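I would like the entire structure built from these sequences, with the hints used as guidance.
Each chain is listed here by its residues.
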Amino acid sequence: MPDRPYLWPKWTPRETLRFVGAVFARRGPELEDRIDVELAAFDLTEFSSQRNETLSHGTRQRVALAQAFLHDPDVLVLDEPMVGLDPLAQRGLTERLAAAAAAGAAVLLTTHQLALAEEIATVAGLLVDGRLVARGTPRSLVTKTGRTGTLSEIFFDLAGGTPRP
Amino acid sequence: MNRVFRANTLRASGRVLLAGDARGRLAAMAGLFALLMFLGLEMAGLEGALRASRAALGELREIRPAFLLERLLAGAFAAALILGFLGSLTTAIGTLFLSEELAALSTLPFPHRRLVLRQALLTLVLASAPTLLLAAPALLVAAGAGGRPILAFFSGVLPLAGVILLAGAAGIAAALLFVRVVPPRRARLLAAFLSATGLAVALLGFRAARPERLLDPLEALSVVTRLGTAPLSPPGLNPAAWAARAATRGLFGDAGGLLPGAALFLSGLAAFLLVPRALWRLHLHVFRDARPGVARAAGEKHRGPEARSLATVLLRAEAASLLRDASTPAQLGSLAAVFLLDLMNVRLLPGADASARDLVAGLQTGLSLFLVSALSLRFAYPSVSLDGRAALVLRALPLDPRRQLLARWAVRALPATGIALALTGASLLVLRPTGATSAVALLAALVGGLAIPALHVGLGGVFPRYDAPNAVTVALSTGGVLALVFSTGLSLLATVAVSDDLRLLLGALLKMHLPAWPFITAFLISATAAAITPLALAASSLTTRDIAIG
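Chains R and U are the protein sequences, given in the same order. The numbers in my numbering rise by one with no breaks, and the one at position 77 of the first sequence is 77. For any residue, its number in my numbering is found by taking its place in the second sequence, counting from 1, and adding 1000.
For the record, the hints were derived by calculation from the structure and aren't laboratory data. Treat the hints loosely; a few may be bogus.
With a Cα cut of at most 25 Å, we get these calculated SDA-like pairs of lysine to any residue [claimed, not checked]:
1. R:Lys144 to U:Ala1271
2. R:Lys144 to R:Arg96
3. R:Lys10 to U:Ser1053
4. R:Lys144 to R:Val128
5. R:Lys10 to U:Thr1107
6. R:Lys10 to U:Asn1002
7. R:Lys10 to U:Ser1477
8. R:Lys144 to R:Asp157
9. R:Lys10 to R:Leu55
10. R:Lys10 to U:Ala1012
11. R:Lys10 to U:Leu1122
12. R:Lys10 to U:Asp1501
13. R:Lys10 to U:Ser1013
14. R:Lys144 to R:Leu158
15. U:Lys1511 to U:Asp1501
16. R:Lys10 to R:Arg27
17. R:Lys144 to U:Arg1011
18. R:Lys10 to U:Ala1030
19. R:Lys10 to U:Arg1011
Residues of chain U placed beyond 12 Å of chain R at every Cβ, according to the derived structure [what the hints assert, rightly or not]:
20. Val1004
21. Ala1007
22. Ala1012
23. Gly1014
24. Glu1100
25. Leu1218
26. Leu1310
27. Ala1317
28. Ala1354
29. Ala1391
30. Gly1418
31. Thr1478
32. Val1481
33. Val1496
34. Ala1529
This structure is a prediction, so every number in the text was calculated from the model and none was measured. Where is the CB? At the ideal position from N, CA and C, for every residue including glycine.
Structure follows, in structure tokens:
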């Protein structure tokens, strides 16, 4: 899922999910039931018949997430999935990601929220200017020069330690 | 795409027509009605022209209608080929490299070759729509006029489809190669500029051929006789000439015309299918590299000029916004062609008759101001609406809306006044009317050039459309039409104020004496009111209006 997901503006969330489901060879009542489940999981039921172009940023983000989970993928690649979500939706997504990982899916997500990464990641990598400069677990990251520390410590150390506005 | 995609798209189209808001439904219905009107008018015009030419050619036995028709069709197919190529080039850069939909589809498990083919088809549909709109009624009329309508219809359709497919294939291939060397956004600007320049050259070429000669019956007869008696050279490798020959044979009832038409169609289809097959890997490579998100920040060290005053900052920002508008270069190209056409007209103005010179001086002044109106409708009227979401930010700033509006006006009034004075001045140099007429004409050009952009900026602020996708949509709204009506009225008033002869004519019709000064005064007062009132209304409306409903 990209950080700015594209939704066909004149389609509704249900139609969008139906298309993505069909792409992954889901059909008929089984697909419709699954769409209902995902709509409910992302609190989208009341928006399911509205055009995507009329939805708010956060609601569109939830439609894109429902799209990503719809076909039980083995690999989930999410770019800044929390952007635009309210705290409840963020909590719901964290639980869904944990459940997907527990069920055997690989979840790769990029985020600027260090707390989120520290909370849910099993493996973390730190990218600076597109290069991987440290990797490990969030509690014990190792840089290329061999320094170790938590994700936050290494990040602020590499960033120069000066918080930016 | 799959069945669900097609069903969704169909439902979405129906939703716009049937279940959208009242304004959307009205716009869709009005669009459909305008389309049907256009098709009906074109068919009626062609039917009339066909009847008239049949009657005329019945008198001119030495002329071979097939020669005339083939020459006419060769020109039409050549135009379709060139316009199709330029249209596909510009459209393909958007559909193949800047489409958010393609980016979304490319994350789904579709073969990339299929996605490229889909975007190529989309490009073809979008780029060939104007050609099809013009050609479809002509085909129907031509097919209905002969003894074998089905044969005639297919003899026209097959070569036309062949030409459209060939042009589309060439345009799409050129777009792929173009973006290989130039980033997509810049490539689209360059392609749009190239298209506008092509159109401008075509317009100038048409004008330079002096089509007004055909208004002289003797000259027209000589041209028609020459074209209708000399046989055409063999088509060689020119697809437009092949298409014209095939269509002409079919339209005259010769079934042999179907074969070259079908061959052209199959060649076009093969070329069109070959492009995605041959270039999809190149597209994938360039598409990944050229996504707008990965563009590097340019010129980090370039700080730009320092801010000296708020007025300077506003003016610079307004000029930059105007020049960076993606469609500005293309539309300026077309408008430059109109400007040059007007200047070329000056060479044909009457030289001897003083009365005619005075009349034409008035008309040229009006024409200059009308051109300024057209420019303003595109570049001044939408200026407030194009703020879009930034309107919310602008509203939150401690910045007087009057200053914003004045900056918008100043940036647009300068070139508008320059154009009005240049066109009027050039006409006056050739016509050499009386000193008084010249003075009034220059005054009208100066005042009109300043007032019309103000009128358009002001009305654009009174009727903003922050949700509109582009400047043309804003300009074609009800407020835009109102602005054009007012500015055209000013142009007409200027015409009457400048020309003594026109007032004499008008006075004779109204049976009264019409001196110059009331018209000059009325023009000056109207221009001032038309400039100030909408700007003042807009300034007040911008501070109070709910931006969300704009």
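Taking the hints in turn, this is what the structure says about them:
Pair hint Lys144 (chain R) plus Ala1271 (chain U) does not hold up; C-alpha atoms about 52 Å apart against a cutoff of 25 Å. A C-alpha spacing of about 33 Å is found between Lys144 (chain R) and Arg96 (chain R), which places the hinted pair above 25 Å, so the restraint is violated. Pair hint Lys10 (chain R) plus Ser1053 (chain U) does not hold up; C-alpha atoms about 48 Å apart against a cutoff of 25 Å. Between Lys144 (chain R) and Val128 (chain R) the CA atoms are separated by roughly 12 Å; this keeps the pair inside 25 Å, and the hint holds.
As the CA atoms of Lys10 (chain R) and Thr1107 (chain U) are separated by approximately 20 Å, the hinted pair is consistent with the 25 Å bound. Distance check on the hinted pair: Lys10 (chain R) and Asn1002 (chain U) sit about 17 Å apart at the alpha-carbon level, within 25 Å; holds. Distance hint between Lys10 (chain R) and Ser1477 (chain U) is fulfilled; the C-alpha atoms sit about 22 Å from each other, no more than 25 Å. Restraint check: the Cα-Cα separation between Lys144 (chain R) and Asp157 (chain R) comes to about 14 Å, which is no more than 25 Å; the hinted pair holds.
Among the hinted pairs, Lys10 (chain R) with Leu55 (chain R) is consistent with the structure: their alpha-carbon atoms are about 11 Å apart, no more than 25 Å. A distance of roughly 5 Å separates the Cα atoms of Lys10 (chain R) and Ala1012 (chain U); the hinted pair therefore holds under the 25 Å criterion. A distance of roughly 17 Å separates the Cα atoms of Lys10 (chain R) and Leu1122 (chain U); the hinted pair therefore holds under the 25 Å criterion. Proximity of Lys10 (chain R) to Asp1501 (chain U) is assessed by CA-CA distance (about 57 Å); at most 25 Å being required, the pair is judged violated.
About 8 Å separates the Cα atoms of Lys10 (chain R) and Ser1013 (chain U), which keeps this hinted pair within 25 Å; it holds. With a C-alpha separation of about 12 Å, the suggested pair Lys144 (chain R) and Leu158 (chain R) falls inside the 25 Å cut-off, and the hint holds. With a C-alpha separation of about 15 Å, the suggested pair Lys1511 (chain U) and Asp1501 (chain U) falls inside the 25 Å cut-off, and the hint holds. Proximity of Lys10 (chain R) to Arg27 (chain R) is assessed by CA-CA distance (about 22 Å); at most 25 Å being required, the pair is judged to hold.
This hinted pair does not check out: Lys144 (chain R) and Arg1011 (chain U) have alpha carbons roughly 55 Å apart, beyond 25 Å. Note on Lys10 (chain R) and Ala1030 (chain U): the hinted pairing holds, with a Cα-Cα distance of about 20 Å set against a maximum of 25 Å. A distance of roughly 9 Å separates the Cα atoms of Lys10 (chain R) and Arg1011 (chain U); the hinted pair therefore holds under the 25 Å criterion. In this structure Val1004 (chain U) is not separated from chain R by more than 12 Å, as the shortest Cβ-Cβ distance comes to only about 4 Å.
Separation of Ala1007 (chain U) from chain R is inadequate, the least Cβ-Cβ distance of about 8 Å not exceeding the 12 Å criterion. At roughly 4 Å, the least C-beta separation between Ala1012 (chain U) and chain R is not larger than 12 Å, which violates its mark as non-interface. Not every Cβ of chain R is farther than 12 Å from the Cβ of Gly1014 (chain U); the closest lies at roughly 10 Å, contradicting the non-interface assignment. Listed as a non-interface residue, Glu1100 (chain U) fails to keep its Cβ farther than 12 Å from every Cβ of chain R; the least gap is roughly 4 Å.
No beta-carbon of chain R comes within 12 Å of the beta-carbon of Leu1218 (chain U); the shortest separation is about 58 Å. Distance check on Leu1310 (chain U): its Cβ is at least 24 Å (rounded) from any Cβ of chain R, clearing the 12 Å threshold; non-interface status holds. Against chain R, the non-interface label of Ala1317 (chain U) holds: every CB pair exceeds 12 Å, the least being about 24 Å. Distance to chain R confirms Ala1354 (chain U) as a non-interface residue, since its nearest Cβ pair spans about 62 Å, more than 12 Å.
Look at Ala1391 (chain U): its CB is around 18 Å from the nearest CB on chain R, clear of 12 Å, so calling it non-interface holds up. At the 12 Å boundary, the C-beta of Gly1418 (chain U) stays outside the reach of chain R, the nearest C-beta of that chain being 41 Å off. Under the 12 Å C-beta cut-off, the non-interface status given to Thr1478 (chain U) relative to chain R holds; the minimum distance is some 23 Å. Remark: the non-interface label on Val1481 (chain U) is consistent with the geometry, its nearest Cβ contact in chain R lying 26 Å away (cut-off 12 Å).
Residue-level check passed: Val1496 (chain U) sits 48 Å from the nearest beta carbon of chain R, beyond 12 Å. With a least CB separation of 40 Å from chain R, Ala1529 (chain U) remains clear of the 12 Å interface cut-off, as annotated.
Hint compliance for this structure: hints 1, 2, 3, 12, 17, 20, 21, 22, 23 and 24 are not met, and every other hint is.
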